[in-house]
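Here the protein sequences line up with chains A and B, keeping their order. Under numbering that gives the first Met the number 0, the first residue of the first sequence is numbered 0, with each subsequent residue one higher. Under numbering that gives the first Met the number 0, the first residue of the second sequence is numbered 0, with each subsequent residue one higher.
Be careful, since some hints might not be right.
What the hints assert, rightly or not - In silico DSS-like links for lysine-lysine, alpha-carbon gap of 25 angstroms or less: (1) Lys160(A) with Lys57(B); (2) Lys74(A) with Lys57(B); (3) Lys160(A) with Lys146(B).
Claimed, not checked - Incomplete in silico selection of chain B near chain A, CB under 10 angstroms: (4) Ser44; (5) Thr45; (6) Arg65; (7) Arg66; (8) Asn68; (9) Val86; (10) Val89; (11) His93; (12) Phe95; (13) Gly106; (14) Arg117; (15) Thr141; (16) Leu144; (17) Gly145.
FYI, nobody ran anything at the bench for these hints, they're computed from the structure. Since we're looking at a predicted model, the values are computed, not measured. The C-beta atom is built at its ideal place from N, Cα and C for all residues, glycine as well.
Listed below are the residues making up each chain.
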Amino acid sequence: MNQLSRLSALGAILATFTAPATADENLFGSVKGAETMPEGSWEVYQIFTDRSDKGTGDYRALDSTTEVEYGVSNKFTVGAGLKAIAVESKGLLVDGYIPGDYKRDLSVAGFEATAKYNFLSPALDDFGLSGFWEFDYMSIDPHSGRDKDTLSLESALLAQKYLLEGQLIWVGNLSMEGTYAKRGEINNLPAGFEWPTDPEMELEFKLGSGVSYRFAPNWFVGAEINYETEFETEVGQERWSVFAGPNLHYATANWWATLSWMPQLEGGGEMIIEGDDLHLIEKTKSEARLKLGYNF
Amino acid sequence: MKHEMLLGALLPMTALVAPAYSADYLTVEQAQRQFFPNASQFVDSTLDLDDDQRDQIKERAGTRQRRDNQRVWRAEQEGKNLGWMFVDDVIGKHEFITYALAVSPAGEVLGVEILSYRETHGGEVREASWRDQFNGKTLDDTIRLGKDVSNISGATLSCRNVTDGVRRLLNIWDLYLKHA
Numbered sequence: 000m001n002q003l004s005r006l007s008a009l010g011a012i013l014a015t016f017t018a019p020a021t022a023d024e025n026l027f028g029s030v031k032g033a034e035t036m037p038e039g040s041w042e043v044y045q046i047f048t049d050r051s052d053k054g055t056g057d058y059r060a061l062d063s064t065t066e067v068e069y070g071v072s073n074k075f076t077v078g079a080g081l082k083a084i085a086v087e088s089k090g091l092l093v094d095g096y097i098p099g100d101y102k103r104d105l106s107v108a109g110f111e112a113t114a115k116y117n118f119l120s121p122a123l124d125d126f127g128l129s130g131f132w133e134f135d136y137m138s139i140d141p142h143s144g145r146d147k148d149t150l151s152l153e154s155a156l157l158a159q160k161y162l163l164e165g166q167l168i169w170v171g172n173l174s175m176e177g178t179y180a181k182r183g184e185i186n187n188l189p190a191g192f193e194w195p196t197d198p199e200m201e202l203e204f205k206l207g208s209g210v211s212y213r214f215a216p217n218w219f220v221g222a223e224i225n226y227e228t229e230f231e232t233e234v235g236q237e238r239w240s241v242f243a244g245p246n247l248h249y250a251t252a253n254w255w256a257t258l259s260w261m262p263q264l265e266g267g268g269e270m271i272i273e274g275d276d277l278h279l280i281e282k283t284k285s286e287a288r289l290k291l292g293y294n295f
Numbered sequence: 000m001k002h003e004m005l006l007g008a009l010l011p012m013t014a015l016v017a018p019a020y021s022a023d024y025l026t027v028e029q030a031q032r033q034f035f036p037n038a039s040q041f042v043d044s045t046l047d048l049d050d051d052q053r054d055q056i057k058e059r060a061g062t063r064q065r066r067d068n069q070r071v072w073r074a075e076q077e078g079k080n081l082g083w084m085f086v087d088d089v090i091g092k093h094e095f096i097t098y099a100l101a102v103s104p105a106g107e108v109l110g111v112e113i114l115s116y117r118e119t120h121g122g123e124v125r126e127a128s129w130r131d132q133f134n135g136k137t138l139d140d141t142i143r144l145g146k147d148v149s150n151i152s153g154a155t156l157s158c159r160n161v162t163d164g165v166r167r168l169l170n171i172w173d174l175y176l177k178h179a
């Protein structure tokens with residue numbers, strides 16, 4: 000996986016050869032805070048998400064997002080990112096979703112554009128509230144690794160509250176994402192395997208919350224929880240799942256790192272194994288995420 | 000697939016490369032001399048605060064007294080009380096901000112100095128234009144960020160905690176030092 004090696008080397012270099020500056024509010028792996036960046040400041044992120052284990056067969060996937068953000072004003076932040084995906088599945092055949100063994104090395108999969116507007120400052124107004132919007136284009140299905148064009152628009156409300164003078168931080172997120180998707184054709188599908196290539200629409204709702212506690216200067220430990228559900232044109236409610244887990248955040252004045260681990264606690268909808276209590280078709284048993292950021 | 004090694008490889012690397020960054024601008028002694036150039040001595044008057052006292056401070060100031068001892072010196076000239084100088088830590092975005100507050104014998108703010116500030120953004124809290132807002136304030140003033148103390152964008156949490164800290168220290172002066 001040469002591209003991956005290069006990316007990991009870049010991430011390490013980024014983390015290693017940086018002088019001091021400050022971090023944004025990326026205390027969590029999944030949920031987001033309401034703070035925006037100071038006017039004229041820049042931030043570069045590298046995010047790796049390891050998705051593994053579908054309960055049967057052998058499945059691992061890695062998502063990579065390289066993103067840059069800019070503070071247009073003290074209340075308005077914009078960003079742009081490049082996404083890459085690696086997927087390997089063996090011994091898995093899920094009708095309509097995962098058409099057999101497949102391996103895709105880390106490949107550029109698409110891009111994203113984001114915007115965040117701060118309505119209320121968590122430090123100044125006591126309760127922080129921001130709007131967040133993200134537009135994505137992807138050319139690879141993150142589940143199967145096969146060709147699939149998707150256009151997504153997410154709209155979210157991000158709330159944040161400082162407690163104990165900022166030693167304890169709570170955030171809450173509510174988001175809705177609409178997606179247009181069209182799969183590419185696959186030759187030599189297994190007999191009777193369904194792989195619809197007609198355009199489809201998906202609507203995803205997310206509800207998330209997290210708390211983070213500063214247990215020493217620069218160090219934060221926290222926990223976060225996410226409920227996600229998705230509705231799709233063919234099957235109605237396609238899935239729902241609850242992920243929750245711990246995170247650890249370290250920030251110097253210039254760069255920061257966040258590590259989170261989110262196992263799936265419960266899930267439903269379309270299932271690989273009927274009667275299972277986890278949704279493992281589009282999700283995995285756990286997600287581990289490493290975020291590295293540099294402010295300048 | 001080798002990418003499972005990625006997280007394991009990067010994490011220790013990020014932990015090892017964290018430079019300890021700090022910017023110390025004034026020592027306690029320098030701040031004492033700056034606020035009270037005519038003082039002949041500074042008497043260590045550190046307050047040991049029990050839980051009830053800390054609760055009382057929180058109730059009056061509206062913000063928590065984190066430490067059970069509060070560093071403070073009385074500036075004297077030939078036995079005459081010139082005022083008090085507190086040294087305090089408040090939470091910044093990532094690290095503590097250490098600042099000094101000078102209070103007159105009548106409970107009026109003589110000045111605020113930032114001794115250590117370790118954040119990238121918001122270094123403006125060190126600038127006189129922001130700190131001078133506190134000069135002359137007493138407990139008769141609101142001393143709230145966004146009301147009678149202006150904010151610095153990009154350092155809102157730091158500004159709020161220093162402002163709340165000044166109000167808290169004035170309440171400590173009122174409770175325990177006013178008649179000392």
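Close enough to count: is the Cβ of arginine 65(B) nearer than 10 angstroms to one in chain A?
Where the cut-off is 10 angstroms and the nearest Cβ of chain A is about 8 angstroms from arginine 65(B), the hint holds.
Is the hinted pair lysine 160(A) and lysine 57(B) satisfied, with a Cα-Cα distance of at most 25 angstroms?
Given that 25 angstroms is the threshold and the Cα spacing comes to 19 angstroms, the pair holds.
Would the stated hint for phenylalanine 95(B) survive a check requiring a Cβ distance to chain A of less than 10 angstroms?
Status holds, d = 6 angstroms.
Threonine 45(B) as chain A interface residue, shortest Cβ-Cβ below 10 angstroms
violated (21 angstroms)
The hint names glycine 106(B) as touching chain A; please verify it with the least Cβ-Cβ distance against 10 angstroms.
With a minimum Cβ separation of about 23 angstroms from chain A (threshold 10 angstroms), the hint on glycine 106(B) is violated.
Hint validation: valine 89(B) versus chain A, beta carbon distance must be below 10 angstroms. Holds or violated?
holds (7 angstroms)
Using the nearest Cβ pair, does serine 44(B) come within less than 10 angstroms of chain A?
Status violated, d = 25 angstroms.
Identify whether the interface hint at leucine 144(B) stands, where standing means a beta carbon of chain A within less than 10 angstroms of its own.
holds (6 angstroms)
Mind checking the CB of valine 86(B) against every CB in chain A and telling me if the closest is under 10 angstroms?
violated (17 angstroms)
Should the interface hint for arginine 66(B) be scored as holding, given a Cβ-Cβ cut-off of 10 angstroms against chain A?
The hint is violated - arginine 66(B) has no Cβ within 10 angstroms of chain A, the shortest such distance being about 12 angstroms.
For the restraint on glycine 145(B), tell me whether the closest CB of chain A is nearer than 10 angstroms.
This interface hint holds because 5 angstroms falls under the 10 angstroms limit.
Holds or violated: is the Cβ of histidine 93(B) closer than 10 angstroms to a Cβ in chain A?
At 5 angstroms from the nearest chain A Cβ, histidine 93(B) passes the 10 angstroms test, so the hint holds.
Taken one by one, the earlier hints fail for this structure at numbers 2, 4, 5, 7, 8, 9, 13, 15, listed in ascending order.
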